[in-house]
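Chains as they are written, first to last, in my numbering: chain A, 4 to 367; chain B, 153 to 795.
These are computed hints drawn from the structure, not numbers from a lab.
C-beta: ideal position from N, C-alpha, C; glycine also.
The reader is advised that the hints may include incorrect statements.
Said to hold, decoys possible - What the simulated footprint calls covered on chain B by chain A, stretch by stretch (three residues with Cβ under 8 Å from a Cβ of chain A suffice, anywhere in the stretch; the number is not a length):
1. 310-321
2. 396-403
3. 614-621
4. 775-785
To be verified - Covered stretches of chain A (chain B as the covering partner; in silico rule of three or more C-beta atoms under 8 Å from a C-beta of chain B):
5. 45-56
6. 59-68
7. 112-125
8. 174-186
9. 192-204
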Amino acid sequence: MMKKGFVYTMFTIVAVSSIFLVLALNMDKTSTHTTKIIEKIRADEVHYLVEGIEKDIKRSGEISGRRALLALINWEISNGEFVNVANESVKEAIINGTINNGNENLTLMENNTISDWMQTLETLAKKRGLKTTILIPNTTVSMESPYTLRVSTNAHIQAQDEIIEVSYKRNTTYSNIVSVDNLEDPFITVKSYGYAKQNFIECEKITGIANSGDWVYGFAYITDENNLLNVTDKADKVLITGTVAGKSNFNGFAGIVTEQNDAPTAPPYVFNVTNAKNIILNNSIMVIDNETVWLTNITTQPNASCYFNKRDAPSFLSRLEGKNNTDNDLGIAAFIHVPSLPVEMQSGSDTYVIGYEYFEGLFD
Amino acid sequence: MMKGFFFTMDALVAITLLSVAFGVVLSIDTNTISGKSNYEQMHYVTEDAMQIFGKLKFSDINETLMNSIISNTNLTTDDTSKSLPDIIGLLWAYNETSYAADIVSDVFSDPGQLIPKNYDYALSVEETDNKTLIYSTTGIDPKNEPELDYLTSASRIVSGYQENTAPFGFVSRAWASKVSKNASKVFEFNPEGGSYDPGGCAYINKKFYLNATEIYNATMHISVHRGTSAINSNSLVVDASGDIIGDVNWLYTQQKFEAGKATNMDFGVVDITDYLNASPGGWHEIEIMLKSQDDFNTHIHPGTKVEVIYGTEEERTFTGNYAKRKYFDNVLSDQSGTKKRGAWAIMPINVPKAATVKNATLHLRALNVFDAAGKEDIQIYFNNNSILNVTAPGATYDAYINLTDYVAANKNTTNVLSVYVNSFENDFWGETDAEIYSDPENDENSSSYVYIEYDWSLENKFQYGYIEVTAIEHFDGIDENPKKFVEDFDNHEITSAYLHVAQIDSENVTVTVEPYDQTKETVFISQRVRALPSTLYIDPTYFNTTRENNTINVSDICLSLKCSVLPQSSLEYNIFIPSQVGYGAMFDTEAEANQDAQDRLNDTLSAYADILDLGIYLKKPITTGNIPWMYGPAFITLEVWKS
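This is chain A alone, in the form it adopts within the complex:
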């Protein structure tokens, strides 16, 4: 009997000890789990910071891109000079806010460069115990369209939690489309010694369907008269009419724009331009560019000029370099009012001339 009691007691001790052991093991696991939660949260913070940087670096590129163009233009019109390599100068301005390989600061880029953005970000992140490193090994600048640039950037982003030693890296490539809208044209300003100034404002335009594939310009001559024999100075005019069918003596015009579809004509033409007679301002200078009709709304009085596409004209980047031609088809041009210039700069008999062509040969 004594033995049975002893066995029961021992059994009880073993059973209870086992229960205690299990409980003790569980308590340790909870403590480890808490540490892992903290690390997870910090790791999430690092991850989302990198993700946020990746999203926002593009925004900073938009801002610094637009300001870089303004800063370069300001440098050119203040000094009366052009940059040597435009796309490299834009890139240098965006990243460092300098020009001529760091020899000169661009005042309008102060506190507005990508580098400034990175520095502020580092300070913000540091307040949360995070360290950020952003490297930009490569940026390219090119014309995207006649009135926009594409700035493409590779960025290496790294964020690090210095406490728990978690680090997150990401490589990203992003592009910004930077508009030149309403910026001053430095080519015109510098070439005219500051006497002519124009902002890059795109002209209104309408399009047709059938076209002769030409580029011409002239003063709009809106009429539906059938016999155009007595129209003077046809070579300086673009006929705007409903249709040329049934009309005579329309050869000799600089170009023809009709609202209906017509048979091809000898003069350059655009047909099927809806409501052309109502939209186009009579006696205004207009440009036919393949299927596009550019409307300058310039008549005989001095008026704010606007830009239209002209493939062989200098593009925006070419204008930054002071060149009067382009190596792509993204050239733009505008008319200038010659009588508004000083007497010594006036040449020829035309009141309006294409700006870049006029100034390029002015002092030859």
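Chain A is already provided as a structure; the job is to place chain B on it using the hints.
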């Protein structure tokens, strides 16, 4: 008894085990375990909410709220595609944080409910040194919450925004240009004259063209040498004025006695504005008639001129290269019988140093030329070089004389072309009414003129970022000989300078320039008697513009009277002044940016206020909008807690 002992021991062991077990169970903190699990859950809720918030666009929120924000703030329909963090940034920048709070509440609470109701939260914008609370469910920043068990946060970066500052703005620059509608011109009478024996008359007739809509001011300075006895018989006619010689205010009068005979040298001024303004646009004519005296020809002295300020709608004409005729005045020497007479005139010729002279030709038409035996009745000098002498010229002499080589060899200085008909200096021998013929209005091709044509790069006339302005400084003081004039050019860069000498009498004049601390240089010496033009060109290199005390000295070797140089003499010079300022700070409105640009330009021009009338220079701004600023980055932080 042994059984009771074992039972008691049994009970004691059991109680001991139960006590230990109970104590172990009591030591387990269930709140810690569940609290840590809640914190993790809260963190995920926070991050998830922020993720969704970051992907939502302005157009995804309550439409009524969106429209209200567009109607009442600077946001527009163009902003509907922007992400909500950007919208919060924009509203924060525009100081419209109440609307930002409405968006936060709409998304995280009702109806969005991204944060469960059992949590509190707050959204703020955090810069490097500032934090702005946008919204808090408890109304206060969580860091100020008195009872807060757990707090978690999630952040997103936004760039381009700063509190109470528009994210886009305007920048302007400005430049100054001359008001083109007001023009000024000076029409000069160079020394010229005729007649000789008493009773004769010299008629000097000048025609000039003005493309004017109105004459604001026209003043004539007249410096003459004429007979004393017939002094009241002279005349001055301006257009249809009739004789107005009596209106001349004679400021200086001097008599010259030679061989017992008296002549008068007089300098005066007269306002002829009204006469010219009777028909401002078109040709104008001024005729001076002077009576001669014994043994002395009557003539114009240096300083005779008409200064006109006028309004114009002038259509500009092409001036690619310089090609211009300078017409002589018509000079008629009128006498009776065989009394001696003749006509003479001088004309200055100046060509810029950088010019390439293509053509310089004198066309001389002289009428009623007397053929005196043994005399060179037509004599032409280029400075002191005799370039033409004609004996037996015929009553009408008409010739073209090539001056190209002479002019090309003497650029950047004032050359004097002298034409003598039946005379030379004080020697007159003609017995007919000789005339140097000129009528540019009606008979330009037959008139006497000098034609100058040269190529000159227009780039020499322009300096980028600068405009050329003209300063005129009068000598002032008293009439004296010699007369010094001292000028401090304030370190301005002079592009050209002209000296206008006015004298009561003139014989042989020397003009020197002595810059500060440098050697005196002679810039002009009369080659002959009365061969001082009304305008002398002085190359700017003669001056030291960085220092004061550039002294111009005008002296005449007059053998008889003083030949005073008058205070009405003047120095006219052109300088380039900076005419523009670049783009400046960013402003919220175009008007503010324009005003800033014009203020900066005014500051730049104020350094030249001593020679500028700022009111006549039009300042034009050019503005560019939609310019962003690299504000930030900032954190938009969502904090979630449970009290």
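A quick look at each hint next to the structure:
Check result for the stretch 310-321 of chain B against chain A: holds, 3 residues qualifying (beta carbon to beta carbon below 8 Å, three or more required). Only when three residues or more bring their CB closer than 8 Å to a CB of chain A does the claim for the stretch 396-403 of chain B stand; here the count is 0, and the claim is violated. Figure legend: the stretch 614-621 of chain B, annotated as covered by chain A; annotation consistent (4 residues with Cβ-Cβ distances under 8 Å, at least 3 required). With 9 residues bearing a CB less than 8 Å from a CB of chain A, the stretch 775-785 of chain B meets the requirement of three and the coverage assertion stands.
Counting residues of the stretch 45-56 of chain A whose beta-carbon sits less than 8 Å from any beta-carbon of chain B gives 6, enough to reach three: the coverage restraint holds. Figure legend: the stretch 59-68 of chain A, annotated as covered by chain B; annotation consistent (6 residues with Cβ-Cβ distances under 8 Å, at least 3 required). Using a Cβ-Cβ cut-off of 8 Å, 7 residues of the stretch 112-125 of chain A lie near chain B, which meets the minimum of three, so the contact claim holds. Counting residues of the stretch 174-186 of chain A whose beta carbon lies closer than 8 Å to any beta carbon of chain B gives 3, which meets the minimum of three for the stated coverage.
With 6 residues carrying a beta carbon less than 8 Å from a beta carbon of chain B, the stretch 192-204 of chain A meets the three-residue requirement, and the given coverage holds.
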